[in-house]
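Novice: In case you want the letters, here they are:
Protein chains: 4
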Amino acid sequence: MTLRFLTAGESHGPALIATLDGLPSGLKVDLDSINADLARRQSGSGAGPRMKMEQDRAVILGGLMGGHTTGAPLAMMIENRDHAHWKGISVDPFTIPRPGHADLTGAVKFGYSDLRPALERASARETATRVAVGSVCRQLLANFGIEVGGYVTSIGSVEANLQSIPLQERISIARKSDTGCPDPSASQAMQTLIRETTLAKDTLGGIIEAVAIGLPVGLGSFTQWDKRLEARIGAAILSIQAIKGVEIGPAFENTRHPGTSVQDAIHVENSQLIRPSNRCGGIEGGISNGLPVIVRAAMKPIATTLTPQSSVNLATGEGIDTRYERSDFCPVPRAVVVVESMLAFVLADALLEKLGGDSLSEMRPRYENLKKMRLGD
Amino acid sequence: MTLRFLTAGESHGPALIATLDGLPSGLKVDLDSINADLARRQSGSGAGPRMKMEQDRAVILGGLMGGHTTGAPLAMMIENRDHAHWKGISVDPFTIPRPGHADLTGAVKFGYSDLRPALERASARETATRVAVGSVCRQLLANFGIEVGGYVTSIGSVEANLQSIPLQERISIARKSDTGCPDPSASQAMQTLIRETTLAKDTLGGIIEAVAIGLPVGLGSFTQWDKRLEARIGAAILSIQAIKGVEIGPAFENTRHPGTSVQDAIHVENSQLIRPSNRCGGIEGGISNGLPVIVRAAMKPIATTLTPQSSVNLATGEGIDTRYERSDFCPVPRAVVVVESMLAFVLADALLEKLGGDSLSEMRPRYENLKKMRLGD
Amino acid sequence: MTLRFLTAGESHGPALIATLDGLPSGLKVDLDSINADLARRQSGSGAGPRMKMEQDRAVILGGLMGGHTTGAPLAMMIENRDHAHWKGISVDPFTIPRPGHADLTGAVKFGYSDLRPALERASARETATRVAVGSVCRQLLANFGIEVGGYVTSIGSVEANLQSIPLQERISIARKSDTGCPDPSASQAMQTLIRETTLAKDTLGGIIEAVAIGLPVGLGSFTQWDKRLEARIGAAILSIQAIKGVEIGPAFENTRHPGTSVQDAIHVENSQLIRPSNRCGGIEGGISNGLPVIVRAAMKPIATTLTPQSSVNLATGEGIDTRYERSDFCPVPRAVVVVESMLAFVLADALLEKLGGDSLSEMRPRYENLKKMRLGD
Amino acid sequence: MTLRFLTAGESHGPALIATLDGLPSGLKVDLDSINADLARRQSGSGAGPRMKMEQDRAVILGGLMGGHTTGAPLAMMIENRDHAHWKGISVDPFTIPRPGHADLTGAVKFGYSDLRPALERASARETATRVAVGSVCRQLLANFGIEVGGYVTSIGSVEANLQSIPLQERISIARKSDTGCPDPSASQAMQTLIRETTLAKDTLGGIIEAVAIGLPVGLGSFTQWDKRLEARIGAAILSIQAIKGVEIGPAFENTRHPGTSVQDAIHVENSQLIRPSNRCGGIEGGISNGLPVIVRAAMKPIATTLTPQSSVNLATGEGIDTRYERSDFCPVPRAVVVVESMLAFVLADALLEKLGGDSLSEMRPRYENLKKMRLGD
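Residue numbers (the working numbering), protein chains in the order written: chain A, 1 to 377; chain B, 1 to 377; chain C, 1 to 377; chain D, 1 to 377.
Hints are computed from structural coordinates only; laboratory data are not their basis.
Any given hint could be a false lead.
It does not matter which identical chain is used: a pair holds within one copy or between any two.
Below, computed lysine to aspartate or glutamate pairings styled on EDC-like, alpha-carbon distance capped at 20 Å [as the list claims (entries may be wrong)]:
| no. | residue 1 | residue 2 |
| --- | --- | --- |
| 1 | K372 | D114 |
| 2 | K372 | E318 |
| 3 | K28 | D114 |
| 4 | K371 | D114 |
| 5 | K176 | E269 |
| 6 | K201 | E325 |
Small disclaimer: the values here were computed from a predicted structure and weren't measured.
Turn these sequences into a full structure, and let the hints steer you where they fit.
Specialist: Structure representation (structure tokens):
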């Protein structure tokens with residue numbers, strides 16, 4: 001792996017930290033864009049009251065000089081603004097694990113008697129650092145004309161109909177939508193569903209699509225199992241809290257059709273190889289084929305519900321209902337930017353691998369000279 | 001990663017090689033089991049004529065003494081029995097890429113003018129080495145009472161109904177079935193569909209479920225993005241040729257339901273924590289929770305079809321139809337063991353991480369002392 | 001690798017950051033010890049004026065609750081106290097590379113026209129984060145009775161005579177010495193040499209020995225090239241700024257003697273295997289043998305000298321002498337703790353690998369049950 | 001890491017295997033060169049009788065088509081020709097560990113009662129695979145005008161005087177010398193010493209220098225600890241059996257001199273930056289500076305001696321002398337090619353990182369455009 005990152009920090013600790021190692025020098029990093037992406041993670045239908053308190057801002061502690069990367073690792077800090085409120089306050093031990101969370105598995109794995117450390121680190125709060133990392137990767141990709149975006153295709157049982165909307169439009173409409181869904185009528189139905197579900201003290205999940213447009217051919221490889229682009233994307237997406245399924249293009253849907261109807265024919269037009277369809281989600285044989293990479297992520301409904309669920313008090317051994325911890329009702333709209341971010345990270349890594357190089361100025365001519373889907377190349 | 005492997009070799013080269021590094025010493029390796037797993041990869045409905053020629057046998061070149069591992073890397077070779085027929089024979093360059101394969105992307109990435117190297121290495125022939133690796137991992141897991149199995153849940157539009165069949169039974173029925181599907185009536189419908197599709201010169205995909213039963217709590221972690229068990233399983237499964245989607249439990253289905261109906265309640269019975277359901281697929285917060293891990297993989301229909309597809313002759317630039325390369329019609333039954341194998345690899349790796357240790361005898365008492373889902377632990 | 005860390009930050013940036021991932025839960029982290037180690041990096045004979053300005057203090061931003069690790073990554077920040085003085089001040093571009101530094105290679109590699117980014121990140125200032133990381137690793141090792149220490153064995157041409165001083169004593173004497181050298185008369189000669197060399201506007205290097213006492217047998221492995229303990233220690237030590245040579249035990253000296261005189265005989269005493277000598281530096285066949293691990297590191301004289309050296313002004317192309325950048329005269333005494341830290345990191349990593357486990361309480365009984373150098377084990 | 005390899009196999013097993021993953025496509029691999037390098041590992045003064053039996057030949061099982069790499073992993077097999085003699089023959093358990101070997105540490109680590117598995121895998125026989133790997137890396141480097149060579153600088157107490165012999169000449173003279181030492185009078189003294197030591201039933205070690213000529217500037221990095229070229233070279237060299245010390249340039253010698261006398265001044269001549277000396281061994285700030293990289297490796301005397309050494313019979317608990325296992329008397333001349341090989345591997349990896357790219361034809365123009373040590377670049 002050329003690009004790598006580690007995150008650290010807890011939900012109510014002083015700060016979250018991300019260190020992104022492996023960037024080339026000469027990349028102009030726009031802090032406002034990072035903060036705008038962080039804001040996207042904090043707004044949208046279905047957010048709980050928690051979200052109102054934080055206004056995430058990234059502070060860059062290393063790796064930049066004069067606003068440009070130097071090749072050194074980028075260190076970003078996001079302060080937890082309500083840490084001040086919690087500091088020093090003693091909190092009762094948390095001993096009733098919530099089904100679907102890391103509470104119980106974390107306790108058994110790490111030997112916690114108070115489950116708080118599991119909540120604090122396993123929480124989706126950590127995704128703020130992913131967004132900061134992904135935002136920088138996105139800026140790197142943008143230098144090569146590659147755009148990464150995303151949108152919501154379903155929430156609960158409400159599915160969008162996006163057939164007629166081009167990818168780029170889906171992205172731009174979604175950015176302005178509270179649900180993140182580019183289909184206006186579905187979006188309205190989603191909002192109704194979210195409202196009703198919230199009143200019913202229940203929660204919702206859904207499906208997010210992230211896409212990358214403008215990729216070169218040749219990222220990833222079939223030569224060794226762990227180099228396949230699907231594998232690398234899959235790991236990154238499934239590493240996101242509450243994401244439990246992923247497909248490249250409509251992979252599950254494709255299984256229901258015969259082979260001849262799910263392949264993407266190859267046509268020639270003016271010495272250019274054209275693919276009229278994209279059922280493969282932009283990847284063939286583990287390698288990007290120049291079509292948009294389309295990744296679909298299944299996000300489970302939030303496990304923390306206002307409606308109590310059966311659990312146990314680990315301190316006493318009694319069966320008992322879960323208590324409510326402040327949480328979202330529907331995290332799907334806010335998670336779009338997280339899925340985009342992890343996709344951007346994988347693609348930036350794969351692009352750096354393909355181009356090599358230690359500076360943007362070294363990478364640019366190499367990029368220009370990449371083989372294309374043209375006869376003669 | 002504690003356990004790692006590399007594979008090498010081409011479909012029509014002299015042999016395939018797998019090197020599996022990181023096994024503890026003292027593991028009895030049963031070559032017959034490996035060969036039985038290799039045989040499973042070669043039989044089942046929908047196999048093409050190619051399959052008849054090979055009878056894969058693993059030869060162990062390193063890492064074993066007296067039938068037991070020594071802690072040294074295990075090297076396994078599977079000879080390509082028809083290599084003799086091909087050796088020295090000159091073959092016309094292959095210049096018409098098949099949609100859905102690595103032919104075109106491989107050519108652009110690696111600069112091939114003859115596309116054969118892409119076919120040779122990207123082909124599912126390579127999965128034989130994965131099966132050998134997975135078979136050894138499975139033998140390691142078996143020492144700790146962990147069983148990994150799998151079955152087919154759908155082929156094309158035919159879906160099995162498995163609700164009433166316990167996991168272990170699904171596995172054992174599937175082993176005796178030509179389709180790998182434990183639901184007898186669905187299995188029959190699948191066979192009919194395969195026959196019809198073959199006659200129609202078309203191909204089929206489907207969905208495979210792999211499960212691991214008897215896992216301890218605590219494999220994987222939420223502490224860093226790349227340690228989550230879902231991420232690691234996802235990468236391994238999506239690294240398999242033709243697998244383009246993966247979910248842990250019924251993740252895509254879960255997105256359509258409200259939170260309260262897709263969680264797995266925690267009950268107490270005789271100081272034991274019981275989970276009456278398993279919608280989470282055995283993983284909570286990135287960590288195994290002791291329930292069976294259930295992984296669903298979407299396999300696309302074979303891209304090589306007897307029905308020609310639109311393509312181009314890269315040597316001449318003319319639009320032209322694909323020519324048929326010997327291939328399967330429905331690879332799904334044969335891929336079950338491959339999916340199982342990659343799951344077994346990830347779980348063996350995670351178990352070694354949890355237990356540490358350099359020999360089975362060092363690992364065993366550690367395993368006995370692991371915390372369980374019991375009050376007081 | 002079980003344990004991993006990334007550092008970030010520049011010498012005159014706001015802060016240095018280290019993220020240490022892979023610690024077990026339940027480790028009490030003593031911040032005072034970390035700060036004491038940081039102080040050791042800042043004091044000793046031969047320090048330049050720069051050292052007076054900083055008083056490094058680590059702040060922990062993540063991974064601790066109630067003073068104990070949780071299994072989550074530990075994030076540590078060390079603020080650069082004089083950053084305030086530099087912030088916003090415009091500095092002339094630095095264009096005259098200093099021989100022996102990263103100035104010129106960094107410029108060519110990353111395309112800098114102003115060489116400051118190379119100075120900022122390549123500088124030994126970064127070793128403060130290594131010390132913080134190593135200090136935590138040392139605390140982990142201490143839980144298993146393993147002590148890591150170090151001392152200076154030579155500065156310039158002055159060599160200590162340590163034959164008669166036991167290892168543990170060498171460490172404790174060195175801690176109280178300005179030169180870090182446990183031989184009092186050599187220490188005095190070193191101080192004289194440092195004083196003279198400073199007056200002569202020159203600089204000094206030397207040799208540091210780091211030792212680990214109380215290690216179990218069995219860390220590292222011969223089974224694969226990159227697992228040998230020598231290799232892992234070698235990489236860690238040679239990753240330290242200005243360290244260009246490393247040996248395990250007196251390896252270069254050993255090459256001059258016949259085989260029979262440099263082996264460590266095996267004796268039996270009361271069912272215990274005893275090794276009367278330790279010419280192998282505590283490692284045989286890539287694996288720790290229970291004797292103290294002894295690592296010797298060659299540190300080159302500081303490249304920045306008050307005496308000007310021939311260089312070139314890259315902006316103008318003129319040959320020109322180097323200008324002085326504030327620097328040490330003899331960094332050797334202050335580097336002892338850095339060498340110790342990197343050794344502690346590798347050994348903590350190898351110990352975690354051997355023991356596995358997610359918490360100290362899981363690791364402890366496993367440690368007790370490790371095989372020893374006893375007959376019957 | 002872009003390039004990676006795993007080896008497998010035991011000294012008396014059927015074969016040794018190396019899998020080298022990450023090569024670009026289009027590299028012509030010359031099997032004769034590999035075999036010539038393998039032969040160099042088998043000849044030279046001081047070899048024991050064992051060497052006469054084997055004539056190592058590499059067989060390539062994967063990764064080549066038409067004699068050129070395809071981008072797929074290269075699998076190489078070296079058969080153990082005397083395996084046939086050993087197969088099926090029952091051998092008494094080996095229970096008397098030899099000091100200096102992996103016998104005892106391996107037994108404690110892996111729980112062997114018969115120590116043979118340690119001998120079999122820890123033995124220097126494994127270095128044959130390193131040589132095969134290194135030979136291919138060397139061929140890759142040669143495409144970019146980079147030459148890797150080596151020679152012996154000392155054996156026992158006999159040191160060569162090489163000051164007046166240019167690097168390239170040292171390499172070519174050494175290739176024709178039985179001792180691998182380019183200084184004829186030292187070489188003669190070495191031969192005498194080897195003869196005498198063999199008669200005295202003792203063994204010898206020595207120092208090997210490996211050099212790489214023609215490297216571009218910019219391999220390795222100071223931006224993260226594990227990227228420094230010294231660290232990566234150090235790990236590779238110290239991973240070689242019996243190598244216990246390594247230095248970049250004369251690092252230990254440099255510690256004895258003041259800073260001004262061990263730096264390499266920068267001069268300008270015709271817009272070219274010139275370095276009249278190379279005390280830094282070709283690396284500054286963790287990055288190659290275009291001068292030859294010079295690596296010195298300390299090889300300990302062979303631990304297996306005809307003269308018995310004190311040990312213990314682990315089966316009985318009795319103190320007992322070691323028994324002789326067939327071995328070399330002085331492995332130093334034969335190890336030159338092993339040290340070269342590991343250096344070639346690291347440099348090929350670092351070059352691939354710098355250039356990126358999936359084929360030689362993609363890499364070549366990138367190489368031409370690298371910045372050089374020229375003003376204006």
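Novice: Now tell me, hint by hint, if it's right for this structure.
Specialist: Going down the list of hints, with the structure as the test:
no.	hint	in the structure
1	K372 <-> D114	between (56 Å within a copy, 17 Å between copies)
2	K372 <-> E318	between (65 Å within a copy, 17 Å between copies)
3	K28 <-> D114	between (44 Å within a copy, 16 Å between copies)
4	K371 <-> D114	between (56 Å within a copy, 16 Å between copies)
5	K176 <-> E269	neither (36 Å within a copy, 50 Å between copies)
6	K201 <-> E325	within (13 Å within a copy, 57 Å between copies)
Hint compliance for this structure: hint 5 is the single one not met.
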